[in-house]
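Engineer: Produce the entire structure from the sequences given, and follow the hints as far as they go.
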Amino acid sequence: MHRSDSRTETPEATPGTIKLPAPTAWPIVFAFGITLLLAGLLTSPSVSILGAILAVTGCIGWFQDVLPHEMEETVEVKAEVFVITTPRREVERLPVAPELPRALLPLETYPVSAGIKGGLAGSVAMAVLACLYGVLKQRSIWYPINLLAATIYGQSLQLTPATLNAFHLGSFVVASFIHLLTSLLVGLLYGAMLPMFPRRPILLGGVIAPILWTGLLYSVLGLLNPLLNKVIDWRWFIASQFAFGIVAGLVVVRQQRVRIRQFVPFLMRAGFEGPGITKEKPEKDGSR
Amino acid sequence: MSSATLARSSNESAWALPSRGRVGMFSLIAAESAVFTIFVVAHIYYIGKSLSGPTPKDLLELPIFSTVCLLSSSLTIHLAVRALRKAKVGVFGLWWFLTMALGAIFLVATGREWQHLIYEKGFTISTNLFGTTYYSLVGLHAFHVTVGLLAIALAMIFTLLGKVKPEHSERLDVFSLYWHFVDVVWVIVFTVVYVIGR
Amino acid sequence: MASDTIALGIADPDARPIGERLHDWVVTVDHKKLGILYILYSLFMLVIGGVEATIMRIQLIVPHNHFVSPQVFNRMFTMHGTTMIFFVAMPILFGFGTYLIPLMIGTRDMAFPRLNAFSFWMTAFGGLLLYFSFIGGNGLYGAGNAPDVGWFAYAPLTSRAFSPGHSTDFWTLALLVSGIGSIGTAVNFITTILCMRCPGMTLGKMPLLAWLNLVTGGLVILAVSPLTAAQIMLSIDRYLGGHFFDTQAGGAAVLWMHFFWIFGHPEVYVLIIPCFAFASEIIPVFSRKPIFGYPVMVGATVAIGFISMSVWAHHMFTVGMSSYGNAFFTATTMVIAVPTGIKIFNWIGTMWGGKIQFRAPMLFCIAFLFQFLIAGLTGIMLGASPFNWQLSNSYFVVAHFHYVIVGGILFTVFGAFYYWFPKMSGRMYNDALAKWHFWLFLIGFHLTFDFMHIPGMLGMPRRIYTYEPGRGWDIWNLIITIGVFFQIAGVLVFVGNLLWSLLKGEPAGNDPWDAWTLEWSTTSPPPDYNFAKIPVVESRRPLWDIKHPEDPDWKYE
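Going down the list, the protein sequences come from chains C, F and B.
Under my numbering, the first residue of the first sequence carries the number 200, and numbering increases by one thereafter.
Under my numbering, the first residue of the second sequence carries the number 1144, and numbering increases by one thereafter.
Under my numbering, the first residue of the third sequence carries the number 2, and numbering increases by one thereafter.
A few of these clues could be false.
Claimed, not checked - In the BS3-like style, the derived pairs of lysine-lysine whose C-alpha atoms are separated by at most 27 Å in a straight line are: (1) C:K277 - B:K505; (2) B:K436 - B:K290; (3) F:K1306 - C:K218; (4) B:K206 - B:K556; (5) C:K218 - B:K534.
Because the hints were derived from the structure by calculation, they are not lab data.
Structural biologist: Okay, here's the thing in C-alpha cells:
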C-alpha cells in the first residue's frame, strides 16, 4: 500500500487529454482471495487454497500495475463551455463604507471579566439576602448555608432540624464552593447573553431569567436537594434569585464594552508577535 | 471550469503538499499501532493470571542476539536508502542485503525459540493464558516481520536484476518507515514479554 | 442506476453491450463509480436490515406472539445490528466521502485509487460472507444458522461451548474482512485530504465536509483497528484453543467488553461525524448564509474525535466497575456533550436570519437537528451512571441509540442523498415524492422511537423474544410496530423516487442549488477527470467568489 508520488498535476503531454489511473481488476481479485482464504476456515481447506492462489495472483497483478510505472489511461477532455453564475436577482448595492461592506454583528461585546465581576457581585447580593432570611426567620445565619451544602454533601443531608442552625465547617466550605462556582458560571452566561438582548438587559437578567430557573429548580429540587426541598420558603428563594439577577445584570451592563476580535487572525488573538502576522490582506480592485 | 480561474493571483508555484506515500504509511502505522496496543494491553492484563503453569520464568530466555540483529537492521535500511538517494546503487545493494539478512536472522531465531517451546517443552498457544498471549503477540509481530522481509526480498531481486534506480529511493524510503515501525514494536514487545512479563 | 449514470457520463452509451458496461464497474478505480457502488450496496443492505427489523417488530406487536421462533429472533437482532452498523451506515458514509471528497477539494481521484477499489470490495465481500452464514453456518440446530450472539457478541457467549458450529465465526471473519476494507478507506481519506487539495485550499479553507471526513478517517483508524485485533483474538480462542476470553482458564469476559466498546463508542462518532458534515454543507446552502463559526466547528469536531476515545466504558456501567471508573466515564460522557452542543448552536446560528428554503435536503437536516438534540439529551441521561443502572439494557437504550442512528444519521443521509443526487445522476428528483418520503418517514420515526422510550422505562428489557400481557407494555409495542409500517412506506416512496428520477427526472443542470463548493463547478454527472483544469481557490466558498466578484469571501477570511 505504499507508493511514491509519480503522478503529478503537471500539464498533460498531449493537449486536450488527461491521464487517469487505468481500471484494473487486481484489487477485486486480491479482495476476493483474502475473503476466500478466511472463508476456508468456515467451509473447507480447499477454499482457502483457492483464496491463497487468488490473493497471490491479485497481489502480483496489482504490483505490476504500479511498478515500474503506474498504469494510466488517457481520457479526452470534452469541450464544456459553461459559465458559473448565480440565479439570484441582481440588486443595486448601496454605497457603504468601502472597508466594511459586510456587517459583522455584534460589533462590541462585554469582556469576559464583566461576567466574572457581575457573578461575584450577584453572589454577594444573594448571600446577603439568604443570610438575612436565616437570621430573621430561622434565627441562625448558618441555616441557609447548611441547606445549600446538602446538594452534594452527604453529611449535611443527614442534619436534623435541631442541628440545622449550628455551624458546620464542612457544610460551610462546600456551600461556599457551590455558591461561588454557580455564581461565576451564571455571571459568565450573563456576560455572554446580555449583548444578544440589548434593549432591556435588566428585565432579562433580573426578572425573566430568575423566573425561568426558579421554575426549573422547582421541578427538580426534590432530586437535587431533598433537604432543601422539604423546608424551602419559595418567596424568599425567588427574592434572592431576583437580587442576584438584578445586581449581576447591573454590574455587567456598566462594564466597558470591547470590540469583538472574531475576525482577527488566531495568532494575533493568541498574543503571538512576529513578522508577517499582522500583515494586511492585499487590497484588490474590484475589476476582476 | 472554463469560465474563470478561481484565483485572483497565481500562487501555484508556492503550493506544496505532503507526500502521499509518507502520509499513507503513517496512517497505516497508526492503525497497526492500535492493533498492537490491544494485544499488548491483553498481555499485560493477563500477566500472572494463568491458572496453571508453566510460567514465563520457566520458559523464556532473553533473545538478546536476535534483538540486536533486528534493531541494527533499522540502521542498515536507513543507510541503504541514503546510498540510493546519492545514486550509489552498489552500496545500496550491500546495505539492503545486510538488512534482509538481519531480518532473516531474527525470524529464524524466533522460529527456533518457538520450536524449542513447542516440541521440547510442550508449551503451546492453548496450554494456558500466558501461552495464548505470548504466541499471539510475538506471532503478530513475527507476521509483520515476515511481510516486511518479503517486500525486502522482492526489492533485493529487483536490485540484482539491475532495475532499482535512484528515483525509487522515495518509495523505498516510505517502506523503510514500515520497517522502523516493526523495530519499535519489537522494543515494546521485548519489554512487555521478556522483561516485565518475566 | 449503474447503466444510467454511464449513459449520462459517456457519449453514445448503447453502442456498447451491457456486459462490457458492467465490466467497467467491476474493474473501476474511479472514485465516483466506487462511491456510487458503495451507496448502492448500502441501500441494498439497508433493505435487508430493514426486513430483519420488521420481523422483530412483528414478533413483538402483541404479547405471546409466535411469528418467528426464539432462535430466529436471536439471529434477527444480531444480523440487524451487525448489518446496519457495518454494512449500511459505514459503507454509505464512506460512499459519500469517496464520491465527494475529491470533487470538493478539487482533485481528480483519491490518493490511492486501487486501494479505494480494494477497500470497497473487501467491505462488499465481508457482507456477502456474513450473509452466507444463512446457508453455510452449520451449527447446533442442524440447518443453516446465522450468528445469534448479539451485535456486540459478549464473551463467554461466543466460546465454542456456547456457540458450536460456525455461526459466530461467520460474524468474526466477516467483520475482520470488512474491517480491513474500512481501514483502507480511512487511510485513503486522510491521505487524499492532506495531500491532494487543489492549489490555494489550505486546511483553513477546506469545505467542512473534508475536515469532518479527515477526523472520521482518524477515528476509523483508531477505532476499527482495536476491533480487528479483538476479532483476531476471538478467532484464536475459537480455532486454536486460546484463552483470551475463557473465564475457565483465567481469561476475562470483561476484557472483551472493553475491547469491543473501545471500538464501539468511537464508532458512533465515525458514523455521526460524516452526517455532521452533510448538515454543515446543506444547511448553509439552503439558509443562503455561510456556515456560522467555521473554526469553532472544526475545533469542536476535533475535540469530539479526541474525547470519543475516552468514553467507551459508559456502555459498561452495569458490569460493576470501580466508583472511580464510573465517575470518570460519567464525566467524559458529559464533557463530550459540550462540543456536540456547540455544533448544534452553530447550525442554528447558520439558519438564524437566513433566507431558508425548505427543500427536501433541508427538511431532513432540520429534522436531524431536533432529533439529534433529543438523542443527545437521552444520551446524557444514560451517561449518568446511577440512571444507567436503572435503565441499561432496556428499551430506553434501544430508543436512545435508534434516535441517534435513525433520527440523526439516517435522516442526514437521506438529506445528503437528495442534495447530491442531481450531481451524481444529472437529474433532479421528484420534489413531491421527496416530501411524501420526508413526512411519512418522520411520522413513522416518531411513532416508533418516541414511544419506544416508554416501555423501556416501564422495565421492558431489550432483546426479549416475547412478553406477558398486562405489564403496561402492550399498547406501546403496538404503536411502535405501527410506526415501522409508516417508515417502510417512506422508504418505498424513496426507492420509487430514486428509480423514477433516474429514468424520467428533469435534467438538473450543473448547479441546481446555487451552491458554493467545488463539486458544483463541474458538469452533472462529473466527467471521468472531474475538472478539465484543476481549480485554484482562495476562500471557503470558491463559487461564491466567482458568482459575486464585487463581494468575494476572501476579503473576510
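Engineer: Would you pick out the hints that fail for this structure and give their numbers low to high?
Structural biologist: none
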